[in-house]
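Protein chains: 4
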Amino acid sequence: MSYIYKRKAQYHETDQMAVIHHSNYFRWLEEARVEFLKDLGTPYKEFEAKGIISPIVDVSAKYIKPITFEDTAYIYMDITKYNGVKLSIEYHITNQNDELCVVATTTSCFVKDNQVCSLKRVEKEFDEKFRKYIENEQGNSFKK
Amino acid sequence: MSYIYKRKAQYHETDQMAVIHHSNYFRWLEEARVEFLKDLGTPYKEFEAKGIISPIVDVSAKYIKPITFEDTAYIYMDITKYNGVKLSIEYHITNQNDELCVVATTTSCFVKDNQVCSLKRVEKEFDEKFRKYIENEQGNSFKK
Amino acid sequence: MSYIYKRKAQYHETDQMAVIHHSNYFRWLEEARVEFLKDLGTPYKEFEAKGIISPIVDVSAKYIKPITFEDTAYIYMDITKYNGVKLSIEYHITNQNDELCVVATTTSCFVKDNQVCSLKRVEKEFDEKFRKYIENEQGNSFKK
Amino acid sequence: MSYIYKRKAQYHETDQMAVIHHSNYFRWLEEARVEFLKDLGTPYKEFEAKGIISPIVDVSAKYIKPITFEDTAYIYMDITKYNGVKLSIEYHITNQNDELCVVATTTSCFVKDNQVCSLKRVEKEFDEKFRKYIENEQGNSFKK
Chain A
90 MSYIYKRKAQ YHETDQMAVI HHSNYFRWLE EARVEFLKDL GTPYKEFEAK GIISPIVDVS
150 AKYIKPITFE DTAYIYMDIT KYNGVKLSIE YHITNQNDEL CVVATTTSCF VKDNQVCSLK
210 RVEKEFDEKF RKYIENEQGN SFKK
Chain B
90 MSYIYKRKAQ YHETDQMAVI HHSNYFRWLE EARVEFLKDL GTPYKEFEAK GIISPIVDVS
150 AKYIKPITFE DTAYIYMDIT KYNGVKLSIE YHITNQNDEL CVVATTTSCF VKDNQVCSLK
210 RVEKEFDEKF RKYIENEQGN SFKK
Chain C
90 MSYIYKRKAQ YHETDQMAVI HHSNYFRWLE EARVEFLKDL GTPYKEFEAK GIISPIVDVS
150 AKYIKPITFE DTAYIYMDIT KYNGVKLSIE YHITNQNDEL CVVATTTSCF VKDNQVCSLK
210 RVEKEFDEKF RKYIENEQGN SFKK
Chain D
90 MSYIYKRKAQ YHETDQMAVI HHSNYFRWLE EARVEFLKDL GTPYKEFEAK GIISPIVDVS
150 AKYIKPITFE DTAYIYMDIT KYNGVKLSIE YHITNQNDEL CVVATTTSCF VKDNQVCSLK
210 RVEKEFDEKF RKYIENEQGN SFKK
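Protein chains in written order, with our numbering: chain A, 90 to 233; chain B, 90 to 233; chain C, 90 to 233; chain D, 90 to 233.
Do not take every clue at face value.
The list cannot tell twin chains apart, which means a pair is met if one copy fits it or any two copies do.
What the hints assert, rightly or not - Straight line, CA to CA, 25 Å or less: simulated SDA-like cross-link-like pairs of lysine to any residue:
1) Lys154 <-> Val205
2) Lys154 <-> Lys201
3) Lys218 <-> Glu159
4) Lys139 <-> Asp160
5) Lys175 <-> Thr194
6) Lys95 <-> Lys127
7) Lys139 <-> Phe158
8) Lys170 <-> Pro144
9) Lys154 <-> Arg116
10) Lys139 <-> Ile153
11) Lys170 <-> Tyr100
12) Lys221 <-> Glu135
13) Lys95 <-> Asn203
14) Lys170 <-> Cys198
15) Lys95 <-> Asn184
What the hints contain is simulated information worked out from the structure, not anything from laboratory work.
As the structure is a prediction and not an experimental result, all values here were calculated from the model.
Please construct the entire structure, taking both the sequences and the accompanying hints into account.
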């Protein structure tokens, strides 16, 4: 069962096409990810407190329908891959009319002391939380 | 022969990891694309003046090396696909030390009167410029 | 009694000083203003629907205490001046510990058919709502 | 004689009013300031290398004429106050037709070891450069 983040589309995020500028969705995904990680029991702030940062290594997005000022976006997230070293999340963004607007993916890694590392080694507790989440999701197809 | 856009990395584009925030690269790509289109003889401003907008339909990026405040980025661009309806561009971003930092792609379409359209039909002159560019590039592998 | 807008400080809004970049507060103020106007019965979207835009003519901000990632900001707003032609709002931003972080003002005007205009003339109903709000506030000192 | 920073107005900086969003000017001012400080022999990067950051403590802006996509902005800067503890800069932004678009001010302070400090004490060499600049400007009225 996927996690959902709700987000109002803001005026300052529009461009002169009168739609949300495509770059802004990656900011929304980040906001959604922050809440998702909190919900998983692995808050990003605690990563940083432990000296671990989690930079994005790749992203993709497919823009299906524009989102406009004052629309409400619903961002559905699911982990599609986790191996200790990389975490891949898939996002489906719908609007308030339940129309699919954006499909996106992000992959992040984990870095400690300037080196890419495995969470399994540097932060076992968080590693287990990711594994447990995936196990529980097993068999649950993505709902949106 | 690819087109190159030079861009200084700005302080306001950094985040608390002290690197350029990953979402900002899509803004740089847009800036680069605007100059590239001008160079091709098909300026974006003229598209809009003719009632044609060119929304992004998909993007992807692979982040290889972070770019930091005051770095100078070089964005190499080439058209990888053009069929009148969609335009795909590939970007290679290097820093001032000629290190590859980001590889990205964008695909945009053309919209007139709220309908996706073929440039070949609605703006023959621009269509021919894209086709001519690709023809000339034929056989030239991407230089960077 | 002032209107309050609650806002989470986002990672993508930080800079390499590890605080919210000062330019972003003006985006927060805009978000707050949009909700405030809705609450007043004069939603910005309806302004635009009536062909009226409301550009900012001046702003100021005093930054007292930095806001950091995951802080919760509370933006208290009050109308400090309204004469039909210009609307001035004052903002006090506090964090979750009730510490004052930013004090700011914005003044916007009203534009129809590319001309600055008086709301009293072009949109009497909205004009009255602003006047009524101010009248009700009379004697209420700013609470924060 | 004031320092001038040239800046192209970008598509991603517009909003649905089809003008540069007012918050973005503070980013332009920062870019301009970075170049100005470099020109003065006190580059911001060296401040940070010496453990000094220079947060903004207050700003103001008056928006006179909108700037639109593809306009070229010229940002004229001058130091209006410097006392070792605070640095105030005034900015006049014109477009390619030499029309005045924005007048703004920023004041920044200097922070070392989490404490506001006087440059005179913590970085005498930079302090002297600011004082020398002001002395040379004495009697030169702002040119734009």
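Verification of the supplied hints:
In this assembly of identical chains, the alpha carbons of Lys154 and Val205 lie at most 25 Å apart only when taken from different copies (12 Å versus 36 Å within one copy). For the homomeric pair Lys154 and Lys201, the shortest alpha-carbon distance between copies (16 Å) is at most 25 Å, but the shortest distance inside one copy (39 Å) is not. When the C-alpha separation of Lys218 and Glu159 is checked against a cutoff of 25 Å, the pair qualifies only between copies, where the shortest distance is 22 Å, while the shortest distance within a copy is 35 Å. Within a single copy, Lys139 and Asp160 get their C-alpha atoms only as close as 37 Å, which misses the 25 Å cut-off; across copies the closest is 19 Å, which meets it.
In this assembly of identical chains, Lys175 and Thr194 lie within 25 Å of each other by CA distance both inside one copy and across copies; the values are 13 Å within and 22 Å between. When the C-alpha separation of Lys95 and Lys127 is checked against a cutoff of 25 Å, the pair qualifies both within a copy, at 15 Å, and between copies, at 19 Å. In this assembly of identical chains, Lys139 and Phe158 lie within 25 Å of each other by CA distance solely across copies; the values are 16 Å between and 38 Å within a copy. Proximity of Lys170 to Pro144 under the C-alpha cut-off of 25 Å is restricted to the intra-copy arrangement: shortest distance 16 Å within a copy versus 30 Å between copies.
In this assembly of identical chains, Lys154 and Arg116 lie within 25 Å of each other by CA distance both inside one copy and across copies; the values are 18 Å within and 20 Å between. For a Cα distance limit of 25 Å, the shortest separation of Lys139 from Ile153 across copies, 24 Å, qualifies, whereas the shortest one inside one copy, 38 Å, does not. Taking the shortest alpha-carbon separations for Lys170 and Tyr100, only the inter-copy value of 23 Å comes in at or below 25 Å, while the best intra-copy value is 34 Å. For the homomeric pair Lys221 and Glu135, the shortest alpha-carbon distance inside one copy (19 Å) is at most 25 Å, but the shortest distance between copies (47 Å) is not.
For a Cα distance limit of 25 Å, the shortest separation of Lys95 from Asn203 qualifies neither inside one copy, at 34 Å, nor across copies, at 28 Å. In this assembly of identical chains, Lys170 and Cys198 lie within 25 Å of each other by CA distance solely inside one copy; the values are 12 Å within and 31 Å between copies. Proximity of Lys95 and Asn184 under a CA criterion of 25 Å is satisfied in both settings, with 10 Å inside one chain copy and 22 Å between copies.
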